Amino acid sequence: MIYSTVIQIIPMSEHDLIVRRIRDGTVIDHLKAGKGIQVLNALGINGSDGNVITLALNVPSAKISKKDIIKVENKYLKDDDTNKLALISPKATVNIIKDFKLVEKRLVSLPNKVERIFRCSNPDCISNSNEDIESIMDVVDKTGLVLRCKYCTRILNVSELKYY
Amino acid sequence: MNDFFQTDIISIRDFNKEKLETVFSATDKIIQMNPNERRELARGKTLGYLFFEPSTRTRLSFQAAMASLGGTSLGIADASSSSTKKGESLADTVHIMSLYSDVLVLRHPLDGSSRFAAEISSKPLINGGSGTEEHPTQAIQDLFTIIREKKKIDGLKIGVAGDLKYGRTVYSLLYALSNYNVDVHLISPESLKIRSDSTYDIKKRLKYKESSSLEEHIDEFDVLYVTRIQKERFPDEEEYLKVKGSYTIGLDLVKKMKDDAIILHPLPRVDEISTDVDETKQAKYFKQAQYGKDTRAALLALILNENSF
Numbered sequence: 001m002i003y004s005t006v007i008q009i010i011p012m013s014e015h016d017l018i019v020r021r022i023r024d025g026t027v028i029d030h031l032k033a034g035k036g037i038q039v040l041n042a043l044g045i046n047g048s049d050g051n052v053i054t055l056a057l058n059v060p061s062a063k064i065s066k067k068d069i070i071k072v073e074n075k076y077l078k079d080d081d082t083n084k085l086a087l088i089s090p091k092a093t094v095n096i097i098k099d100f101k102l103v104e105k106r107l108v109s110l111p112n113k114v115e116r117i118f119r120c121s122n123p124d125c126i127s128n129s130n131e132d133i134e135s136i137m138d139v140v141d142k143t144g145l146v147l148r149c150k151y152c153t154r155i156l157n158v159s160e161l162k163y164y
Numbered sequence: 001m002n003d004f005f006q007t008d009i010i011s012i013r014d015f016n017k018e019k020l021e022t023v024f025s026a027t028d029k030i031i032q033m034n035p036n037e038r039r040e041l042a043r044g045k046t047l048g049y050l051f052f053e054p055s056t057r058t059r060l061s062f063q064a065a066m067a068s069l070g071g072t073s074l075g076i077a078d079a080s081s082s083s084t085k086k087g088e089s090l091a092d093t094v095h096i097m098s099l100y101s102d103v104l105v106l107r108h109p110l111d112g113s114s115r116f117a118a119e120i121s122s123k124p125l126i127n128g129g130s131g132t133e134e135h136p137t138q139a140i141q142d143l144f145t146i147i148r149e150k151k152k153i154d155g156l157k158i159g160v161a162g163d164l165k166y167g168r169t170v171y172s173l174l175y176a177l178s179n180y181n182v183d184v185h186l187i188s189p190e191s192l193k194i195r196s197d198s199t200y201d202i203k204k205r206l207k208y209k210e211s212s213s214l215e216e217h218i219d220e221f222d223v224l225y226v227t228r229i230q231k232e233r234f235p236d237e238e239e240y241l242k243v244k245g246s247y248t249i250g251l252d253l254v255k256k257m258k259d260d261a262i263i264l265h266p267l268p269r270v271d272e273i274s275t276d277v278d279e280t281k282q283a284k285y286f287k288q289a290q291y292g293k294d295t296r297a298a299l300l301a302l303i304l305n306e307n308s309f
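These protein sequences, in sequence, are chains L and B. Its first residue numbered 1, the first sequence is counted upward by one per residue in my numbering. Its first residue numbered 1, the second sequence is counted upward by one per residue in my numbering.
Hints listed in this document are in silico derivations from the structure and should not be mistaken for laboratory results. Since the structure is predicted, the reported quantities are computational estimates derived from the model, not experimental observations. Just so it is clear, CB atoms sit at the ideal spot from N, CA and C, and this is done for glycine as well. Check the hints yourself; a few may be wrong.
Unchecked claim - Quick list of in silico lysine-lysine cross-link-like pairs, DSBU-like style, CA-CA up to 35 Å: (1) Lys162(L) <-> Lys150(B); (2) Lys165(B) <-> Lys162(L); (3) Lys150(L) <-> Lys281(B); (4) Lys150(L) <-> Lys165(B); (5) Lys256(B) <-> Lys35(L); (6) Lys150(L) <-> Lys157(B); (7) Lys157(B) <-> Lys86(B); (8) Lys17(B) <-> Lys142(L); (9) Lys204(B) <-> Lys150(L); (10) Lys113(L) <-> Lys165(B).
Unchecked claim - Per the computed footprint, the stretches of chain L lying under chain B, defined by three or more beta-carbons under 8 Å from a beta-carbon of chain B, are: (11) 41 to 54; (12) 123 to 135.
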């Protein structure tokens with residue numbers, strides 16, 4: 001199957017901030033520089049739905065020096081996806097665009113509980129078995145991004161976890 | 001109404017000092033109670049046991065405890081004789097067992113299995129050992145033994161030796177001890193040190209020192225808790241053979257201990273404690289096993305009876 005998707009990867013310079021405006025969709029802004037590709041993977045955004053996706057890396061930013069930006073056309077980010085963002089780049093913002101207008105601006109906030117985002121890294125955890133069970137993790141340290149599996153109670157570092 | 005009525009016993013983390021002492025006090029009453037009176041505490045009730053890992057003491061002590069309260073028990077002592085062999089899920093097995101019994105006890109090789117099973121079960125569920133994670137009723141039994149034999153827990157110097165990585169009893173014991181003011185020494189070969197991903201909370205609540213020398217403080221310990229090197233949990237046999245027999249408590253070592261020190265072991269033992277130590281006054285591990293029945297009877301009675309007894 002051939003998709004008509006275009007993924008634009010645009011290395012930016014301060015004087016070359018040209019990312020096209022979108023009519024409808026989501027703009028994920030203020031992503032920590034270098035996290036853009038990881039966010040695409042975590043959100044399962046791979047272009048298979050045919051929508052235009054724009055990824056800009058290392059864009060100069062007054063707020064955070066350098067940032068990544070993702071624009072996804074014709075798709076609105078769900079709350080679960082916002083939670084995922086919080087674990088990768090807690091200072092990111094999510095802008096929902098409709099008919100070229102910003103209709104909602106969400107600040108990403110780290111939840112107290114993370115459901116069905118990561119798999120527990122403990123191979124002997126019941127959440128990795130064949131039982132009908134979904135992983136649930138408590139956020140025990142929001143600064144250090146430390147989670148605890150609800151089931152096996154192991155302490156887990158976000159950077160070492162795999163996404164569903 | 002007592003706080004334990006119709007509740008699950010999943011983790012020793014759910015026990016503060018007050019809750020632990022409620023169980024100890026109930027155990028004292030169970031021990032002293034007239035047998036006819038005791039047999040009223042679970043009359044007409046059924047304990048359902050599901051043991052997906054081998055067990056001698058835990059399963060039998062639960063069954064003996066239930067019988068001493070006037071109840072009956074039924075269940076699976078060997079997973080190969082159940083429908084799990086045919087591919088039935090743990091969830092379905094627990095669901096079915098909760099239809100046939102008033103309280104369940106589960107032992108399972110996977111971490112977190114009891115927490116998951118408690119979500120499925122319509123009846124209170126007790127964790128009888130979940131993977132390398134937890135064994136809460138063992139910890140209750142261990143602390144009760146210390147109180148009975150030493151008359152206190154606060155102020156004691158406690159050595160915990162052996163397999164601290166895979167031994168689930170150790171994690172539950174340390175959490176339970178973190179409710180008290182104790183001086184804990186963890187003694188193990190380097191490869192069997194306690195897991196850092198399971199001590200995140202223990203470290204905040206309990207001060208402990210780690211070493212590999214059993215003899216270094218042997219003359220200072222009030223309690224020496226010895227665990228088995230668990231062959232079944234090693235990824236390969238070669239690693240097991242490297243540490244097998246790392247620590248053996250023999251008469252020579254016991255002679256160096258305080259006169260009133262006690263030696264505990266969750267059992268089964270393999271070669272960690274030589275059999276000639278059994279006759280010394282420090283050896284309390286069989287007494288500890290006996291208290292296992294009494295503490296479990298107290299827990300069952302608390303779970304099944306709304307009012308205090």
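Checked hints:
no. : hint                    : verdict
1   : Lys162(L) <-> Lys150(B) : violated (48 Å)
2   : Lys165(B) <-> Lys162(L) : holds (24 Å)
3   : Lys150(L) <-> Lys281(B) : violated (42 Å)
4   : Lys150(L) <-> Lys165(B) : holds (20 Å)
5   : Lys256(B) <-> Lys35(L)  : violated (59 Å)
6   : Lys150(L) <-> Lys157(B) : holds (32 Å)
7   : Lys157(B) <-> Lys86(B)  : violated (49 Å)
8   : Lys17(B) <-> Lys142(L)  : holds (29 Å)
9   : Lys204(B) <-> Lys150(L) : holds (19 Å)
10  : Lys113(L) <-> Lys165(B) : holds (28 Å)
11  : 41 to 54                : violated (count 0)
12  : 123 to 135              : holds (count 9)
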